[in-house]
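Participant: If you want the building blocks of each chain, they are given just below.
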Amino acid sequence: MRSFRKELWFNVPTRRAFINITPQVNDCLQESGIREGMALVNAMHITASVFINDNEPGLHDDYEAWLEKLAPHEPVAQYKHNRTGEDNGDAHLKRQVMGREVVVAITNGKLDFGPWEQIFYGEFDGGRRKRVLVKIIGE
Amino acid sequence: MRSFRKELWFNVPTRRAFINITPQVNDCLQESGIREGMALVNAMHITASVFINDNEPGLHDDYEAWLEKLAPHEPVAQYKHNRTGEDNGDAHLKRQVMGREVVVAITNGKLDFGPWEQIFYGEFDGGRRKRVLVKIIGE
Amino acid sequence: MRSFRKELWFNVPTRRAFINITPQVNDCLQESGIREGMALVNAMHITASVFINDNEPGLHDDYEAWLEKLAPHEPVAQYKHNRTGEDNGDAHLKRQVMGREVVVAITNGKLDFGPWEQIFYGEFDGGRRKRVLVKIIGE
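Residue numbers (my numbering), protein chains in the order written: chain A, 1 to 139; chain B, 1001 to 1139; chain C, 2001 to 2139.
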């Protein structure tokens, strides 16, 4: 069994954003030389997500509005977590809806995707450097 | 390390449905001959889910009503995504709640499940052919 | 490829609770001797979750209040599932928001975590013995 590990770094200037990281994950796969196996791609921070969906800006606006409805940022005092001095209580909730990680099959040296699948980094508490882990195991 | 790959195909006549795919995933496992490892089962389409829960029709009705409350199909104009000509904006949201994939342990040649765990395909935008990927790695 | 399997048992006296299981998962990893690979940690019951987030009690209170808003326990008659004689319809919904499982990279014999990542067992229908599965594969 072979394994490969790489961190992807982000510094999103806005509080929230969705970034297509499929090219970077694909680069990791090519660098790994692994042809059959599984790739784990996970946010290393607990106010961010990695998820798979459509690369369509209207949909990303829909996610933004919907998550803000399910777990609004304001008023920040509604979250006990913010008593610690943080203002990111909502980000911890939004990330649970969108998920921490994806696992992708590797087949014939490629990300084994359906027709529209793309991998996104979901930032819910930006303005600082944060990481995504890519771990690939296989042969 | 051995690996196995198979696609399961669906053509759900209704817009939404939950289908128990545990027997098909189990068939894949038997066909693979793998006895220790992990199975990834994921929707290959971004308006569908694979998840694990109870095989109980009342619960499935509860999921249907709850998801429709969290992310209603109508009015379709509420989603920017639908400006692309689609009417499935809600399906992209519902799928995030239910999840894209499950990873199941393989132990002694069996899906290593708790007492009530069953794998379901969740369709949120039916009426056309869609796929689920089963990828198993191990020995 | 090596594999390791262990069940963690819980008997939560309250209906709902969040329990930090990072030390137990770490013990499993040390016992396995695996240094490169992946660990799957999943609830074996369908009214419980395994998820990764912050070990901060205020945040856990926020999760509790938020999940109760998204899928209230009362009135129990609102869920068709409860016609089976159960009163845990809400628990099946809450678990979908928080997720069944996490997959964690294993690197140099350690759980390959970001700065604040901790693994939690989320109980939504306590008062009886329930299990979490830890499955590790690698070398």
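In case anyone wonders, no lab produced these hints; they're calculated from the structure.
Just so we're clear, the structure is a prediction, and the values are computed from it rather than from any experiment.
Mixed in with the good hints, there may be bad ones.
Said to hold, decoys possible - Below, a list of computed lysine-lysine pairs in the DSBU-like style, where the Cα atoms sit at most 30 Å apart:
hint	chain 1	residue 1	chain 2	residue 2
1	C	Lys-2080	C	Lys-2069
2	C	Lys-2110	B	Lys-1110
3	A	Lys-69	B	Lys-1069
Participant: Confirm or reject each hint.
Facilitator: Taking the hints in turn, this is what the structure says about them:
Only pairs whose Cα atoms come within 30 Å are accepted, and C/Lys-2080 paired with C/Lys-2069 is accepted, the gap being roughly 18 Å. Taking the CA atoms of C/Lys-2110 and B/Lys-1110, the gap is about 27 Å. The hint holds against a cut of 30 Å. For the hint pairing A/Lys-69 with B/Lys-1069, the CA-to-CA distance comes to about 12 Å; that is within 30 Å, so the pair holds.
Violation of the numbered hints given earlier is absent; every hint is satisfied by the structure.
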